[in-house]
Amino acid sequence: MNITINVKVNGVKYSNTVEPRLLLVHYLRDVLRLTGTHIGCDTSNCGACTIHLNGMATKSCTLLAVQADGMEITTIEGLAKDDQLHPLQEAFRECHGLQCGFCTPGMIMTAADLLQHNPNPNEEEIRTALEGNLCRCTGYHNIVKAVEFAATKMKKEVAV
Amino acid sequence: MSTNGLIGKSVKRVEDKRFITGRGKYTDDIILPGQTYAAFLRSPFAHAKILEITTEAAKAMPGVIAIYTGEDLREVNGVPCGWQVNFKDGTTMKEPKHPLLAVDKVRHVGEAVAIVIADTREHAVDAAEAIMVDYEDLSCVIDPLKAAQPGAPLVHDDVPGNVCFDWNLGNPPGEVDEALKNSAHVTTLEFVNQRLVPNAIEPRSYNSSYDEANDRYTLYTSTQNPHLIRLLMCAFVLGIPEHKVRVVGPDVGGGFGSKIFHYTEEALLTWCSRKTRRPVKWTATRSESFVTDAHGRDHVTKAEMGFDNEGRITALRVKTYANLGAYLSTFGSCVPTYLHGTLMQGLYTTPKINIDVTAVFSHSTPVDAYRGAGRPEATYLLERLIDLGAQELNIDPAELRFKNFIPPFDGVNQPGYQTQVALQYDSGNYEGVLKKGLEMAGYENFRNEQKANSNGKLIGIGISTYIEACGIAPSAVVGSLGARAGLYEVGQVRVQPTGKVSVYTGAHSHGQGHETTFAQVVADKLGIPMDDVEIIHGDSEAVAFGMGTYGSRSLAVGGSAIVKSIEKIIEKGKKIVAHKLEASADDIEFANGKFTVKGTDKSMGFGDVALTAYVPHVYPKDLEPGLDFSSFYDPANFTYPFGCHIAIVEVEKATGKVQLKRFIAVDDVGNVINPMIVEGQIHGGVVQGVGQALFEGADYDENGQLTNASYMDYCMPRADDLPMIETGSQVTPCPHNPLGVKGAGEAGCIGSTPAVVNAVLDALWKGGYTVKDIPMPLTSERVWKAMQ
Ligand code: FES
Ligand code: FES
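Residue numbers (full-length UniProt numbering), protein chains in the order written: chain A, 1 to 160; chain B, 1 to 788.
Isolated chain B, as found in the complex:
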């Protein structure tokens, strides 16, 4: 039904104007009448008893309005977890209370112990420094393997062995053991997928107010899903009426997962605003962000992949210890399980798969979804294993992949592919992306150059072919797997009397450019100029409901909800036109913004129809006036983007320094609405994945101190660390949503990390250094050490 060609065009972004002129409005930019400021006193210990808190002196300091400690909130609930995972024996996971302020004990460095509210930020900080806390330092445990050892210090007294749950998925373990035993070769890898700090450049920020006269609350929050925050905060934490609470996620400076979760500070500020009858604002300092934003990854894994004599994969057995940190964050439980274990099929026909996950608490910042969430960990595991297998079997890594790919299927003429680990892939052409990637990289030439090795340099090429599950997700499916929410999306299309269109979406943009992409979809489908369409998002008062943006779901789920509403608009428009032009509704066609009676030149423009709907003088008797529809779209399946990433690196022999020379990304994300925006998403994702491979990692010492908790110490990719990213694409439409789209937000980050690591190991291996693995990040020191 594409009508004016806007779908598929690299339209420049409509939201950019405000950002390039400094007129974006982020939460910290907002100052409310009577504004007060909060500051936190946070734990310097990873694990300690709180013996006494003295606030008298602090309370007497200038500008202080109130100080609260955990004692004041003993009766208030903690923040909830949104996904229930059961132990293998069927019992419910352990869910210790995650209090808004620590009570009796602190369990990670940075946990909030007291909040100060004052008239200025400076006064609040001064007073927080004047609070005296008497701690009794206790022993702590950070490493997930150690935390699961008998005798490890307990994070929660009522969680034996620190185990939140254990979980298993796939073929019966016995069958997998047997298949591995009968394999011609088994490749084994024990590795760590290190903990990362998401580091959106806008720190978390909240501004909460209470209007006593109307008994209404307003929370401005740097969130990826305002409605979900409202629901969790009202129903689970504070017990305040949802319809009296407005939650707004204004411009948000990046999220990458870290702004999905309902954080303690959101609920606490709201609670405080009611207590003090003043608006309360808090913006994290970067130092606070490092120890309080939910972290990502942190898996310790042993994986074994069996091969037969021809190099075909026979089986995969995985054991992962996942670190959850000190408390269960909103989706902490589903990341290592349903977003990780379910991806163990990868792109390969592996007939027997079993994965076992033990999720443990430790005295560290909570861990949750970070760009890709579980899928980067799964991809890293598979793509490192297959590459190592190729080295060990002396088969070219590209060839080994071609041998094992699931053959192409479009999900329409050929059925979807049923994996051994619960999911059914929608459509795919996996060999296609690898072929294209190899071509773009000049693979054969590179191999020849590498063999000739004329200048004595260590050069390597690394491949990663990935698949991910996104567009989350069918509510019934995720519900049966433990999700405590539905995962549909809401899209309302309101045609104004003049034919201009306001669109309300439950998706939330924090850099993805929805105001452009969604407007393209609407303008294209209605055959009207993009200027006539406005996308409204992020305000619970404006948008009926929404599940927000994460898991690359905005377009696949949110866009589909909008399309559903557009279909209803056109349907109703046809009835209006049929009545006016005295024809049958079945004979009305809609194209290019015009309703026409089939086979005649009688027609009505979209604007006329809108006006008629609102000024219904000549109007069907049985039809309501107005042209405004809302839809909930619950997807039929996940979507499964896939692709091939190739890295080319040079390793300096003397120092072990890795230089990323080229990066090629061929991604198949289904149909594309705006190629410019999709490429931008890929660039950003790739660089975050490169960050994990080469630079990033949260370093905890044995006392539970995060030793690199600043931008001075935590190394993130900077402009001069990187080459240009070469992108290529392939399109295999998603067969089950109306736009045929799959999602592009996380792909870059999922595919890139193993490509880089494989490239470095390829360089070493081909240079005569038989190195099986180097723990990420691959710093000069680690690479050099591995070469010695």
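Isolated chain A, as found in the complex:
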């Protein structure tokens, strides 16, 4: 029995009929074709699929599409506002926080959640916050730098 869900993704309303077993990450990738959200594992350990669900960083492989019914979702594609990159997106480029780019959307979404709750994190807090996201390329060094860079930039923007 397929089920109809209504969700708002990156500000756009969608209504789709889906199989109850369809994972949210597959719904985003295959149905909505938002392929910026990646899949790196099948045990919810890599964080490549991280999105914001009602504003909270969530691994979209850990829930079914039907569980997201009625909710608001932001994916990496919706993070930039009015063609203006999110400070974290800029920071990842500025600090060389990515290499192959596969973990990057998940990293950015997780870091964005951190900065919402803690605009002024120290290195240890950043590392702890990113502990659920695997990156095999960067050794995390420049990712941590990027988050620090974005935090500083966002503070400045608020101050202005």
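Since the hints were derived computationally from the structure, they do not count as laboratory data. Cβ coordinates follow ideal geometry from the N, Cα and C atoms, glycine included. Mixed in with the good hints, there may be bad ones.
[Stated by the list, open to error] Here are the simulated DSS-like cross-link-like pairs (lysine-lysine), alpha carbons at most 25 Å apart as the crow flies:
no., chain 1, residue 1, chain 2, residue 2
1, A, Lys156, B, Lys17
2, B, Lys661, B, Lys9
3, B, Lys181, B, Lys302
4, A, Lys156, B, Lys12
5, A, Lys81, B, Lys25
6, A, Lys145, B, Lys661
7, B, Lys17, A, Lys145
8, B, Lys12, A, Lys81
9, B, Lys9, A, Lys153
10, B, Lys25, B, Lys146
11, A, Lys8, B, Lys25
12, B, Lys17, A, Lys81
13, B, Lys25, A, Lys155
14, B, Lys12, A, Lys155
15, B, Lys435, B, Lys661
16, A, Lys145, B, Lys9
17, A, Lys153, B, Lys181
18, B, Lys12, A, Lys145
[As the list claims (entries may be wrong)] Part of the chain A face toward chain B, derived, beta carbon under 10 Å:
no., residue
19, Ala48
20, Pro121
21, Asn122
22, Glu123
23, Thr138
24, Val144
[Claimed, not checked] Far from chain A, by Cβ distances over 12 Å, these chain B residues were calculated:
no., residue
25, Glu15
26, Asp28
27, Met440
28, Ala476
29, Lys657
Got chain A; can you put chain B with the ligands on it based on the hints?
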């Protein structure tokens, strides 16, 4: 000829835009019209006879288009091995067929037994679960030493003793035995370099289609070398015409070696797409990746290093058993031999060296190149031995290294250094990197602090000084050593009529940032803005040919091919300008994007020259129009980056928990085009090497089950396990390629592992625990046990 200063600058990456906005295009992101999905039924046994496969019920399930088993592919070739190594007696290595689907027998957990093609991924998986296979479980062997024992279960009936080949390199064994016998001290170490799972975060993914009307195939694949895959698949496996096959490696989410190889699934999906006349896509689940991506390392070694009374190394004798897994992967044979044995000289003047390698099959996932491929194993061996030697001789490990270093040589005024194990090093200043590393680490202070040991903590410092061979490689040399391919690279530079430049490279970027580094080289050499240059790679239809990216070869070989083409462009440009400005071509100079007649103010801009080449109204009679050159660059030698890595650790007495406090990496990778990117490569490599030292390892049980085949169980370094990496550099240019570059992709991973292990053992030793070795990974449990 540097003209606008772009070479050497930390230019921000041009490829980043698409990745930070979620617009990268990886293979699994592609859905083709009429797309179907494949799922595999894989063996749950390490070794079993296939008695019967029943697919009827599965075939009747919703959405199923086709199901194939090994029986359907009996006549199809297996995937080939790209490097032939001969037995010591000159006979060819054993090359059992590596079938696309298992026939009669399965030889490792995860080997594919059947493929289902269905209209959705879910339907394919459902049907795969409904296939019934009757197996007869057989006894298996995983450990390479046990596999080589008489009476061990055979992986292939026609490979006696499971030995694929044995191999020896260096000075005659008798001479080495003699030198060891005459040594004042011999340090002996028996150890395991454990098996690792590469774990690129993007799982392997393929999407293959067949266009019947034009008899053409297209394969999208998460590969590091699309042209090589096309060649192997067409010529060796499927026997389909190469010119009718397009292979594309789009954005690829990391490789680390594991995406070099031609995998069975690539050929099988292509075969299926023709059978079904539908595009077929498959993306590995992480569980599948763990048991089917080629693994790395897995050596069991005994090594002996002799010293004279002054601490000078007299000889080195090595015996390694290398585990190849159940089948020969594409480069499985050359990793423990030509990428490992040839590095036994290290940075030291060791006069007598002999290494003996026995490569064996076992009932496990095939083993092949993983970041560093053979060189991390060689470095681990040497750097652990010299450190242990220092402990035993009671000499400071830094001092012992200084005593034994090959003196500096630049390869121009001083010749290259001929090793005892076939290679000739290009240029080096080994004491330089160690000096710098010690300085950055504050070595003496640390030693004093350690002696004072005021707070009762176990702290240790570990050094590793490494050399590696990369920029592979001169085709004639590797050909004589058994490579079945040339290892040149192709670089085409197409100047468009408006002066914009398209560059086609056979190298492939899967995180290395070629679109930036290569564009820097081109823009700098042509004196034009970087925005005017685009780097195109990864598509066999666009790029003439290519050998791909591995062995830290992209810039040294691929970059050099591009430089060769640029030289041809400038050369031709001079002729065009000479004709237009009525001067002699010898009098034309090129700098900063401008052609000038020597000693005059008459000049032509690069854009004007391009336009003239395509609108040749006033043009030399004997010159072809157009400004487009392609070059093959075959390097004269390998390149030899080197460096010094230093780890500082703290070991918790009560639990054995190791904390990495600081990590210092001083790497000499020759000239550097983009320091930011090179540092990034070092960071990533270092952390992978730290992963091997402290966290990672494939755990097979005696039944051949990989017991930690998920991210929940296989421990990889995470952000909160690590300190910041302190990097330093030294530049000793490579004397034999036009950019003077050596390669930086693997250095981090090669140097770091022994530094960490040496640091832990230093902490224990200095704390009064005489521990000779702890098998990696150095988990709390293992360290604690060693202390008891
Ligand atoms: S795919 Fe969701 S955590 Fe790995
Ligand atoms: S950038 Fe490749 S996995 Fe993080």
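Evaluated hints:
1. A/Lys156 <-> B/Lys17: 23 Å, holds
2. B/Lys661 <-> B/Lys9: 30 Å, violated
3. B/Lys181 <-> B/Lys302: 17 Å, holds
4. A/Lys156 <-> B/Lys12: 22 Å, holds
5. A/Lys81 <-> B/Lys25: With Cα atoms ~22 Å apart, A/Lys81 and B/Lys25 stay inside 25 Å; holds.
6. A/Lys145 <-> B/Lys661: 18 Å, holds
7. B/Lys17 <-> A/Lys145: 18 Å, holds
8. B/Lys12 <-> A/Lys81: Judged against 25 Å, a Cα distance of about 22 Å means the pair holds.
9. B/Lys9 <-> A/Lys153: Judged against 25 Å, a Cα distance of about 24 Å means the pair holds.
10. B/Lys25 <-> B/Lys146: 45 Å, violated
11. A/Lys8 <-> B/Lys25: It holds: about 24 Å lies between the C-alpha atoms, which stays within 25 Å.
12. B/Lys17 <-> A/Lys81: 15 Å, holds
13. B/Lys25 <-> A/Lys155: This hinted pair is violated, its Cα atoms lying about 33 Å apart.
14. B/Lys12 <-> A/Lys155: Between B/Lys12 and A/Lys155 the Cα gap is close to 23 Å, so the pair holds against 25 Å.
15. B/Lys435 <-> B/Lys661: Status holds; Cα separation ~20 Å.
16. A/Lys145 <-> B/Lys9: 19 Å, holds
17. A/Lys153 <-> B/Lys181: 66 Å, violated
18. B/Lys12 <-> A/Lys145: Between B/Lys12 and A/Lys145 the Cα gap is close to 15 Å, so the pair holds against 25 Å.
19. Ala48: 6 Å, holds
20. Pro121: Violated - the Cβ of A/Pro121 stays beyond 10 Å from chain B, reaching only about 12 Å at its closest.
21. Asn122: 13 Å, violated
22. Glu123: 8 Å, holds
23. Thr138: Result: holds, 5 Å to nearest chain B Cβ.
24. Val144: Holds, because the Cβ-Cβ distance from A/Val144 to chain B comes to roughly 7 Å (cut-off 10 Å).
25. Glu15: Given that some Cβ of chain A is not farther than 12 Å from that of B/Glu15, nearest at about 8 Å, it is violated.
26. Asp28: 7 Å, violated
27. Met440: B/Met440 is indeed farther than 12 Å from all Cβ atoms of chain A, at 16 Å.
28. Ala476: Check passes; 33 Å lies beyond 12 Å.
29. Lys657: 17 Å, holds
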